[in-house]
Amino acid sequence: QIYPLSLPDALPISSAQALRETLSLIQKIFLLRTCRETVFKNRTRPCLSYQIKRCMGPCCGFASKDEYRSMVNEVIFFLKGKNKEVIKRFKKRMKQASMRLDFEKAALLRDRIFHMEKTLEKQRIHTNDHKSKDILGLYRELDRVTT
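Residue numbers (the working numbering): 1 to 147.
Quick caveat, the hints were computed from the structure, so don't treat them as lab data. For each residue, glycine too, the CB sits at the ideal point set by N, CA and C. Any given hint could be a false lead.
As the list claims (entries may be wrong) - Cβ pair distances, simulated, as ranges:
| hint | residue 1 | residue 2 | range |
| --- | --- | --- | --- |
| 1 | 85 | 51 | 28 to 36 Å |
| 2 | 119 | 53 | 16 to 24 Å |
| 3 | 136 | 95 | 19 to 27 Å |
| 4 | 92 | 44 | 31 to 39 Å |
| 5 | 44 | 103 | 22 to 30 Å |
| 6 | 65 | 139 | 20 to 28 Å |
| 7 | 133 | 96 | 24 to 32 Å |
| 8 | 64 | 139 | 23 to 31 Å |
| 9 | 52 | 144 | 20 to 28 Å |
Produce the complete structure using the sequences and hints provided.
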């Protein structure tokens, strides 16, 4: 069974928007399917997500179970914070694709690496005293304060 990427019922996430952004990023980088098994059970043509390069197409056999499982494992590494390892693996695949003269795949991998690195960039604020500080931002709306 190849499971689609979807929102779990209960997650300890402080912001629904942050969760949506994380899922969107995962979808862009890792190409996990979002379709449900019942919708594509007897389908032979790929879905729109596959056509716009947002899915590996496992529901139509364009990705083997092993390829898809490998990508799911990459997502698990990414979510566990092993980002450098995931980027290193993607760079290795990009180099292999370019060595095979598969430049389209290499370019897609390059773009996915860019998305990961951009997301993982740490914000740096320099102060005159050169001391490390923790910064907390608050937002107040009427009687409600959020971070």
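Here is how each hint holds up against the structure:
1. Between residue 85 and residue 51 the beta carbon distance is about 30 Å. The supplied range of 28 to 36 Å therefore holds.
2. The hinted window of 16 to 24 Å between residue 119 and residue 53 holds, with their beta carbons roughly 18 Å apart.
3. A C-beta distance of roughly 41 Å is found between residue 136 and residue 95, which places it outside the suggested range of 19 to 27 Å.
4. Separation of residue 92 from residue 44 is about 33 Å and conforms to the stated range, judged on CB atoms against 31 to 39 Å.
5. Distance hint check for residue 44 and residue 103: the Cβ-Cβ separation is about 29 Å, which falls inside the suggested range of 22 to 30 Å.
6. Checked against the hint of 20 to 28 Å, the C-beta distance between residue 65 and residue 139 comes to roughly 45 Å, which is inconsistent with it.
7. The supplied range of 24 to 32 Å is broken by residue 133 and residue 96, whose beta-carbon atoms lie about 43 Å from each other.
8. Take residue 64 and residue 139: their Cβ atoms lie about 46 Å apart, and the range 23 to 31 Å is violated.
9. One distance hint, 20 to 28 Å for the beta-carbon pair residue 52 and residue 144, is violated here, with the actual separation near 38 Å.
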